[in-house]
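*Asks:* Heads up: the protein sequence lines correspond to chains E and Y, in order.
Quick note: the first sequence uses my numbering, first residue 1, plus one each step.
Quick note: the second sequence uses my numbering, first residue 208, plus one each step.
Some hints could be false.
As the list claims (entries may be wrong) - Computed beta-carbon distance windows for the label pairs:
id, chain 1, residue 1, chain 2, residue 2, range
1, E, G10, Y, N356, 35 to 43 Å
2, E, G137, Y, M208, 22 to 30 Å
3, E, G25, Y, D235, 23 to 31 Å
4, Y, R341, E, G177, 38 to 46 Å
Since the hints were made in silico from the structure, they are not lab data.
Ideal placement from N, C-alpha and C gives every residue a C-beta, glycine not left out.
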Amino acid sequence: MSRLGLIDYGMGNLHSVQRAFERLGATVQTVQCGAEMEGCKALVLPGVGAFDPAMERLRQGGLAEAITTWCDAGRPLLGICLGLQLLFEASDEGEAEGLGLLKGRVRALPRRPGHPIPHMGWEPLVPANPSPLLPAGSPESWVYFVHSYAAEPSDPACSTALVRFADTAVTAAVWQGAIGACQFHPEKSGPHGEAILRRWLAWLAAL
Amino acid sequence: MVAKRIIPCLDVADGRVVKGVNFVGLRDAGDPVELACRYSAAGADELVFLDIAASHQGRGTLVELVQRTAEAVTIPFTVGGGISSVEGITVLLRAGADKVSLNSSAVRDPELVARGAGRFGCQCIVVAIDARARAGGGWDVYVKGGRENTGLDAVAWARQVVALGAGEILLTSMDGDGTQAGYALELTRAVADAVPVPVIASGGAGCIDHLAEALDPGPAGGHASAALLASLLHDGILSVEQIKTELLRRGLPIRPLALSC
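Isolated chain Y, as found in the complex (with noise of 0.2 Å):
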């Protein structure tokens, strides 16, 4: 089985990392490149980039953090955040991102993932859906930061983004997000298993038992193929190190951390 995936995702504003990472010998935690390549040689399977600013000055500066990354940075990483048409989608991608993330631009207009992934194959599409359990059972796919709800459900727009050409799914739980209490187990499995394609788990990461849980492929796991991470890692409370030998040590297909050639 393809080896489950430990993705870090930083936040950042305007070329610099927002959240405080603390990192051990590090130069300057704001910049998000010398970040990617310790999180890339401490044994991180991809890195995602959310530009939460995503303001139309700091676009450009986007581009070149992109660019930047992609010089320095031998494994694949995902950008996301106010990218809202096939022209963002080419200028990030030339500048060398490997998969852009859709949000909120895919549920105002989904079409926008079919030209992508016609333009550049479903490979590089990723859908971001940010989910909150709804009273009475299932759950709602939430925009603009969690404040609005579109009503939509969350497995039935995973379903129709991936029939549309979605290549993955990364699927935020919102009320998991920041409290470190799990993740969303019952979303994230019945998410994973209703789409033929990749579900990363993201939102609510406290320990290393709740990563195991996440990408169990077992009857109560989340099935998911990644999790991403953010201030677990970036609050030093766990290292990438330490999240890969545990999850080795408890037989789930992970790639190990000898990289030496």
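Excised from the complex, chain E in its bound form (with noise of 0.2 Å):
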């Protein structure tokens, strides 16, 4: 099984991360540098917290530039919670740019009566286009949120799932080249997120 560079910049519950992985019989080595990344098959950026300041972490160590450089690369990423909303380019959140990987910005969920935010608990994903996370066909998922802000990508061709909240849906998942990224958590998802992160292994397998 091939390695997995967790990203380690302060920001996230990365033991839950790598106990998933492992369990699934991956090996994993966390990074906390560009040069750490030489050897992983693929990067996994998890988080939760404040964009702004994961910006700010992901700048200061140089970690941002090394993403960019991998992804450009079209080497492989996985994104988590926070993780998935860094890929864009911007959060009604804070001021911080966004890695810009994926076109769009991330905005605040709208409030209304009834639907309390951060927007916590379980849903069933809304499949869109199928990716390698969510191939067509893929049997209901229940996952476990707890955000309060969702991605708009430019390009919805990028959305692989959604989830409903309130009188609208939002960015569950998005796929694009080699990049995935979760709004969710599948480490904390029960059975249906660990079939999750075992279809992307098995897609990392078979690069």
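Since each chain sits alone in its own frame, please combine them into the complex, following the hints.
*Replies:* See below:
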């Protein structure tokens, strides 16, 4: 099984993500700088917390540049939660420039009575364009969300799953080229989340 | 609508579950990790561990318990009890907890909520509020296990901690706790309607009707996003399966039990 580089920039519950991949047989190494990415087959960008401090930390350590170089070379990356939002150009949550690997902006979830924010809990995914994370004909997936912002990709084709929120549907997962990302937490989503990670690992193994 | 959550709560002291738990086929009724796995497999949506000893020497055992839980359990879990500093929050989140719950320490030092949320995001800061009805209307916030009235109004306090950065409120009715006479619906509704974040109802569950009422978004319901349960589950009176099957039948949004892939 190939080695995954888990990006450690001080913004997230690395432990759970690492264990989730290890349970599926993957080898995981934490990565704190570009040099440590050598020898990894793919990167995982986790993250909880706020957009600006996250981008600040990624830029300080030179990780932002290393991630961009990695993805520009067409190498695989999986973003999780805030790690999805950071892939876009900007966010309503802050002023910082995002990684810009995907076109579009992260927007605040709409405030509606009876729909608490953070959007916290379990929801079934609404499939959009099939991807290695959610191939056509995948069984219904109930996954765990906790977020107050959601990405609006400029290119709707990169949406692979949506989730209903209030009277609308927002981005739950994206896929473009070799970049995939989940707004929900697959590592906290029981057997359904595990199935999504397993599909990603299988896709990776077949590269 | 996001599914209403059913959350078993385990009281722990020195790394062991304190109240007995009747689970068929359980090897060790006192091991929190084994119980956490059981409840997770049974369809629980999240778990809460409350360290009721919260002693200095017990902290290391708690951290170890959090680590072991994070290794084994694939649903989110919250840890509360005796957390009084950003360092305390850091240690538990690093060990693998998804959220921490602050209670007395938030009353003592409300800025702790802001510091915790600023550092780790509001999604992982839960504020637990223990409330009791006040003569003449309204509810007071109690601390020290319900022994001390802070004089704070529960609804105003909930608004304040959310403004400081709390991402969720765990609301326990001291009047209802342990009575199995039903959740305090008026209190739950008052708090849930006052804040934009999810509210977990706690205290008083005795049957499935009570859960349905607490989670009911209608005018007479509790408007809670989640329900916390302890003895009803631990004593084997109801199972997570029974609860979810019945709540689904009644049309509440609930994550179904058929979890196989």
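*Asks:* Among all the numbered hints in the text so far, which are the ones the structure does not match?
*Replies:* 4
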